Every structure is written in structure tokens, then in C-alpha cells.
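Enquirer: To convert, note that position 36 of the sequence shown is 36 in UniProt numbering; the numbers rise steadily by one, no gaps.
Treat the hints as calculated values from the structure; they're not laboratory data.
Check the hints yourself; a few may be wrong.
As the list claims (entries may be wrong) - In silico lysine to any residue, SDA-like type, Cα no more than 20 Å apart, as pairs: (1) Lys92 - Gly104; (2) Lys18 - Thr36; (3) Lys13 - Phe83; (4) Lys7 - Ala50; (5) Lys7 - Val26; (6) Lys7 - Arg38; (7) Lys11 - Thr30; (8) Lys11 - Asp48; (9) Lys13 - Thr57; (10) Lys7 - Arg25; (11) Lys92 - Gly62; (12) Lys7 - Gly62; (13) Lys7 - Met24; (14) Lys7 - Pro41; (15) Lys13 - Met24; (16) Lys18 - Asp58; (17) Lys11 - Val81; (18) Lys7 - Arg63; (19) Lys7 - Asp58; (20) Lys11 - Met24; (21) Lys18 - Leu2; (22) Lys11 - Tyr59; (23) Lys92 - Ile82; (24) Lys92 - Pro64; (25) Lys18 - Gln29; (26) Lys11 - Pro41; (27) Lys18 - Gly62; (28) Lys7 - Asp51; (29) Lys7 - Lys92; (30) Lys18 - Glu35; (31) Lys11 - Ser47; (32) Lys13 - Gly32; (33) Lys13 - Ala50; (34) Lys7 - Leu46; (35) Lys11 - Gly62; (36) Lys7 - Ala21; (37) Lys7 - Val81; (38) Lys92 - Thr57; (39) Lys7 - Pro64; (40) Lys92 - Val81.
Just so you know, these numbers come straight off a predicted model, no measurement behind them.
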Amino acid sequence: MLGNNIKELRKNKRMTQKDLAEAMRVSQQTVGAWETERAIPGADTLSDLADYFNVTTDYLLGRPEKKDDDTKTADIEDDDVIFTYEGRRIPKEDLELIRRIMRGTRNDIK
């Protein structure tokens, strides 16, 4: 699974094993060994590969995406919370600006 994922990501970027080896600072033989699963990258290299290909290490390892069913949300009123930054209370006008920025960002994501 891991080897196939590395190979697929490499090919999707139209890279040779040599290109990936240079990017990861390893030998071409090492990349070949990863892809045929004769060798497994260490944790740091796995993390570097995930960053390089902009995927998660779980994706590289072929793990299914986790659904966080334990996430809970709650509606609270601003009066129930004191918002602070670096130990100082955030003024209400700044909070409103933060809300507007976050709404804009959230709309950009959708």
C-alpha cells in the first residue's frame, strides 16, 4: 500500500525516481525500495514525503480517513465567555472585526 501510494503520487507529479530521490535527499535505489516495499521510510522521512506531496501520513500508509464523531459543538453567548489574547481582554470592536474576517474566510472555503 505505502509503496504504491508513493509511486502513484510521484507519477502524478510526473517525477522520476531520481527526481524524488533528489527532493528527499536519498538515493534513487532507496526510492525504488520504498515503491517495491523492500524498505520502509522512517517516521521523519514519511512526514517529509507527506509534506512534499501535500497529503497526510495516514494517506501514504493507506489508512482510512477517520471521522471524528466525538466532536461536539455548543452555541454560547458572547456574554458567557471572556475573549483574551496574550493575557489581555480583546475589545468588543476587535471581536467584531475578527468575526467578519472569519465569516469571509469560511465563505471562501465553501
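Enquirer: Next, verify each hint and record whether it holds.
Expert: How the hints compare with the structure:
{"no.": "1", "hint": "Lys92 - Gly104", "verdict": "holds, 19 Å"}
{"no.": "2", "hint": "Lys18 - Thr36", "verdict": "holds, 15 Å"}
{"no.": "3", "hint": "Lys13 - Phe83", "verdict": "violated, 44 Å"}
{"no.": "4", "hint": "Lys7 - Ala50", "verdict": "holds, 13 Å"}
{"no.": "5", "hint": "Lys7 - Val26", "verdict": "holds, 15 Å"}
{"no.": "6", "hint": "Lys7 - Arg38", "verdict": "holds, 14 Å"}
{"no.": "7", "hint": "Lys11 - Thr30", "verdict": "holds, 16 Å"}
{"no.": "8", "hint": "Lys11 - Asp48", "verdict": "holds, 17 Å"}
{"no.": "9", "hint": "Lys13 - Thr57", "verdict": "holds, 18 Å"}
{"no.": "10", "hint": "Lys7 - Arg25", "verdict": "holds, 17 Å"}
{"no.": "11", "hint": "Lys92 - Gly62", "verdict": "violated, 46 Å"}
{"no.": "12", "hint": "Lys7 - Gly62", "verdict": "holds, 13 Å"}
{"no.": "13", "hint": "Lys7 - Met24", "verdict": "holds, 14 Å"}
{"no.": "14", "hint": "Lys7 - Pro41", "verdict": "holds, 13 Å"}
{"no.": "15", "hint": "Lys13 - Met24", "verdict": "holds, 14 Å"}
{"no.": "16", "hint": "Lys18 - Asp58", "verdict": "violated, 24 Å"}
{"no.": "17", "hint": "Lys11 - Val81", "verdict": "violated, 50 Å"}
{"no.": "18", "hint": "Lys7 - Arg63", "verdict": "holds, 17 Å"}
{"no.": "19", "hint": "Lys7 - Asp58", "verdict": "holds, 16 Å"}
{"no.": "20", "hint": "Lys11 - Met24", "verdict": "holds, 15 Å"}
{"no.": "21", "hint": "Lys18 - Leu2", "verdict": "holds, 18 Å"}
{"no.": "22", "hint": "Lys11 - Tyr59", "verdict": "holds, 16 Å"}
{"no.": "23", "hint": "Lys92 - Ile82", "verdict": "holds, 10 Å"}
{"no.": "24", "hint": "Lys92 - Pro64", "verdict": "violated, 43 Å"}
{"no.": "25", "hint": "Lys18 - Gln29", "verdict": "holds, 9 Å"}
{"no.": "26", "hint": "Lys11 - Pro41", "verdict": "holds, 18 Å"}
{"no.": "27", "hint": "Lys18 - Gly62", "verdict": "violated, 24 Å"}
{"no.": "28", "hint": "Lys7 - Asp51", "verdict": "holds, 15 Å"}
{"no.": "29", "hint": "Lys7 - Lys92", "verdict": "violated, 52 Å"}
{"no.": "30", "hint": "Lys18 - Glu35", "verdict": "holds, 13 Å"}
{"no.": "31", "hint": "Lys11 - Ser47", "verdict": "holds, 19 Å"}
{"no.": "32", "hint": "Lys13 - Gly32", "verdict": "holds, 16 Å"}
{"no.": "33", "hint": "Lys13 - Ala50", "verdict": "holds, 14 Å"}
{"no.": "34", "hint": "Lys7 - Leu46", "verdict": "holds, 14 Å"}
{"no.": "35", "hint": "Lys11 - Gly62", "verdict": "holds, 17 Å"}
{"no.": "36", "hint": "Lys7 - Ala21", "verdict": "holds, 12 Å"}
{"no.": "37", "hint": "Lys7 - Val81", "verdict": "violated, 49 Å"}
{"no.": "38", "hint": "Lys92 - Thr57", "verdict": "violated, 41 Å"}
{"no.": "39", "hint": "Lys7 - Pro64", "verdict": "holds, 19 Å"}
{"no.": "40", "hint": "Lys92 - Val81", "verdict": "holds, 12 Å"}
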